[in-house]
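There are 2 protein chains.
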Amino acid sequence: MSTQTPQCLIIGAGGVGVVTAYSLFLNKGSTVSLVARSDYDKASTTGYKLSSCDYGEVLNWKPHHLFRSVEDAASSKTFFDYVVVTTKNIPDGPTPVSSIIKPIIESNDKVWKERADFKEQKKTTNVVLIQNGIDIENEIKEKFDLASRQKSTTVPQVALISGIQLISSTKVGPCEIAQKGHDHLTCAAFDKNDEISVKTAQNFISLYTNPGQNQAHFDSNCRYTRWKKLLYNSSINTLTAICGLDFTRCLQFGTAEGSTEFEIVRPAMLEIIDLAKKIDDITIEVDLVDFFVDITRKMVYTPSMGVDIQKGQLMEIEVIVGNVVRSAKAHHIEVPHLSMLYNILKILQGKLKEQRGLLKFDELNAKIVE
Amino acid sequence: MSTQTPQCLIIGAGGVGVVTAYSLFLNKGSTVSLVARSDYDKASTTGYKLSSCDYGEVLNWKPHHLFRSVEDAASSKTFFDYVVVTTKNIPDGPTPVSSIIKPIIESNDKVWKERADFKEQKKTTNVVLIQNGIDIENEIKEKFDLASRQKSTTVPQVALISGIQLISSTKVGPCEIAQKGHDHLTCAAFDKNDEISVKTAQNFISLYTNPGQNQAHFDSNCRYTRWKKLLYNSSINTLTAICGLDFTRCLQFGTAEGSTEFEIVRPAMLEIIDLAKKIDDITIEVDLVDFFVDITRKMVYTPSMGVDIQKGQLMEIEVIVGNVVRSAKAHHIEVPHLSMLYNILKILQGKLKEQRGLLKFDELNAKIVE
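Protein sequences appear in the order of chains X and S.
Heads up: the first sequence begins at 1 in UniProt numbering, then just goes up one per residue.
Heads up: the second sequence begins at 1 in UniProt numbering, then just goes up one per residue.
Just so you know, not all the hints are guaranteed correct.
Since the list gives no way to pick one copy over another, a pair counts as held whenever it fits inside one copy or between any two copies.
[To be verified] List time: in silico DSSO-like cross-link candidates among lysine-lysine, alpha-carbon distance up to 27 angstroms: (1) K353 with K298; (2) K298 with K367; (3) K353 with K311; (4) K367 with K311; (5) K141 with K277; (6) K311 with K360; (7) K351 with K311; (8) K229 with K143; (9) K351 with K298; (10) K180 with K367; (11) K77 with K143; (12) K192 with K228; (13) K228 with K329; (14) K311 with K180; (15) K143 with K113; (16) K110 with K151; (17) K113 with K151; (18) K329 with K123; (19) K298 with K360.
Hints listed in this document are in silico derivations from the structure and should not be mistaken for laboratory results.
Next up, chain X with everything else stripped away, as it sits in the complex:
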């Protein structure tokens, strides 16, 4: 094993990404690079300001390296051991995750080939997806043909690490982050039978944890954790997006008999529980249905997709509910409530795309112009 400091590249410099980069930086176990994009100039000069419930007021912070773009990072002749993706995951948008990380996968391949000492180390490109949803690893697996990489001796392997983060952190201005909820990161191998990924997930936690400040722990089964988070996201998050309202209003504007709760949200949640059992033999506790409905019953709160649609931003519909519905269909399991939520959101995503100029609709021929 090399004793060289691992190189981490964080892609996505929003509320989550900057705190993630700072946590790795503070730990001192790795060299931290951040793709800062539109904040690059300010980040390079004055640095970041974090108002963090975990780390206090942090002023003028800079990671070890800053890049303006993923392409710039790819040109740096660095082998990035960890490619940590904290962007939204929108495969139906202009920048699916596979296209975001492609320059780094390819530059790592090149750097590895050029440096003889690396070959002996059997380097691995470890992709850590700190993102919502389920089956998000499949896009990467297919695009980069990970199966053949595993057998190859001419390109580095790619290990896929699942990161699920509970955090409330928002970018409130250029290079300004307000973190209001404690950071709790759960890491797992997407493939729990892949020893390299399991080891990498554990290593990443040791690079990430700052005892007494943030929390990170290893998760032996990310499918359970992801299904559990979907219980909330596929039902409540999706509904608030369709309605463009906080969930409390969605609940209260239902009929007196509780139509929102009993005709939409709970049936959709029970479909998730049913799917987790039938597809993965995973038991999601039914009590969680009450828990998730109750925590937001009295708190006027709009989850991520509801916020996205209000801001006119594309939503993570494919990873949060599209993959679920496709999976159900492949297994011949009926999920009428999730399916309706998904298929309506699909239309609304099209509406957002047209508003953002990502899609042009030809009214005369009633067709989307490619």
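Start from chain X and add chain S according to the hints.
Okay, now just chain S, sitting in the frame of chain X:
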């Protein structure tokens, strides 16, 4: 039988109501009164302008009588034989149809009692609902206890006539109506076994028809006609409202595999066909599913509820889909697609009510303030 000219009162002076009033007026079979509301002053002076595909350019037209409000009509000491309601039917809004017609039901009762000659004629207040939806007569039946009126000798009976109009007519300015689609009115007794209502429906058609210009015909079974119209309205109209888009975009923004059509619209339509059969033993032809989807596939068109939500107006959700879902529930028939459309629309109706100041939401206590 009296040879006296029947008195018709039209409530609702929008695109449909004004053409309806004009059709009755031109027929010369009745005395036509119109509740003009905000257009009253202009209507009383310069009158209406109709640009009509049935009647050509009609300038400075006035009905026999104009009223500013239903209350003013009720104060006129007239017994209105026909109370023709062409407003939207929104029982969950501030003016359900029963409250709109209440002053006339009551003033007719009073006029009838005061005039001895009327008693001998066994006068009937004929309520003609030219409106969308199904089960819309029940609200009237219950509010005015029509069953006991039928046995009474101290109040006039109330007959309920179903009017279903195919017309494309819009109020484009104060007292200005543009009628682009030919008027085709279908009348029936809501209760096909009630002889008085059947006779009245037929009489109304003879007062309404202007041969060679408009079309009106008697319908022996309004349930068939209403279920058939719901096939379109409960599925396509509701979906465009949820999405705030024309139906063509709803279709095209679905996935490549036609998700809007095959996962939302057609399943919802098949639920309507199933309900009509099971509840009323009425066969709605399955071919109509293709017909309704196909007519709007290439035509960028937003149906009424989609227009309402874009304008911030309350939608006819209860009569178009709420009654359907309640009926299904009462008969223990599963209608998951219609139920989702309805329960989402219920939330959006609450959002519209809050926007219009018809509902106040107390965020602190997470409650609707009554």
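The hints, checked one at a time:
When the C-alpha separation of K353 and K298 is checked against a cutoff of 27 angstroms, the pair qualifies only between copies, where the shortest distance is 21 angstroms, while the shortest distance within a copy is 33 angstroms. Proximity of K298 and K367 under a CA criterion of 27 angstroms is satisfied inter-copy only: 9 angstroms between copies versus 44 angstroms inside one chain copy. Both within a single protomer and between protomers do K353 and K311 lie at most 27 angstroms apart by alpha-carbon distance, with minima of 13 angstroms and 22 angstroms respectively. Taking CA atoms no more than 27 angstroms apart as the test, K367 paired with K311 passes in both settings, with 26 angstroms inside one copy and 25 angstroms between copies.
Only within a single protomer do K141 and K277 lie at most 27 angstroms apart by alpha-carbon distance; the minimum there is 24 angstroms, versus 49 angstroms between protomers. Taking CA atoms no more than 27 angstroms apart as the test, K311 paired with K360 passes in both settings, with 20 angstroms inside one copy and 24 angstroms between copies. Within a single copy, K351 and K311 get their C-alpha atoms as close as 13 angstroms, and across copies as close as 17 angstroms, so both meet the 27 angstroms cut-off. For the homomeric pair K229 and K143, the shortest alpha-carbon distance inside one copy (26 angstroms) is at most 27 angstroms, but the shortest distance between copies (48 angstroms) is not.
Proximity of K351 and K298 under a CA criterion of 27 angstroms is satisfied inter-copy only: 18 angstroms between copies versus 31 angstroms inside one chain copy. Taking the shortest alpha-carbon separations for K180 and K367, only the inter-copy value of 26 angstroms comes in at or below 27 angstroms, while the best intra-copy value is 45 angstroms. Taking identical chains as interchangeable, the C-alpha atoms of K77 and K143 lie at most 27 angstroms apart only when both belong to the same chain, with a minimum of 23 angstroms there against 80 angstroms between chains. For the identical chains of this complex, K192 and K228 are intra-copy neighbours only, at 17 angstroms inside a copy versus 54 angstroms across copies, given an alpha-carbon limit of 27 angstroms.
In this assembly of identical chains, the alpha carbons of K228 and K329 lie at most 27 angstroms apart only when taken from the same copy (20 angstroms versus 31 angstroms across copies). For the identical chains of this complex, K311 and K180 are intra-copy neighbours only, at 21 angstroms inside a copy versus 38 angstroms across copies, given an alpha-carbon limit of 27 angstroms. Taking identical chains as interchangeable, the C-alpha atoms of K143 and K113 lie at most 27 angstroms apart only when both belong to the same chain, with a minimum of 21 angstroms there against 84 angstroms between chains. In the homo-oligomer, the alpha carbons of K110 and K151 lie at most 27 angstroms apart inside one protomer (18 angstroms), although the nearest pairing across protomers, at 94 angstroms, exceeds that limit.
For a Cα distance limit of 27 angstroms, the shortest separation of K113 from K151 inside one copy, 16 angstroms, qualifies, whereas the shortest one across copies, 97 angstroms, does not. Taking the closest pair of Cα atoms, K329 and K123 never come within 27 angstroms of each other, the shortest separation being 38 angstroms inside a single copy and 61 angstroms across copies. Taking identical chains as interchangeable, the C-alpha atoms of K298 and K360 lie at most 27 angstroms apart only when they sit on different chains, with a minimum of 16 angstroms there against 41 angstroms within one chain.
Hint 18 from the list above is the single one not met by this structure.
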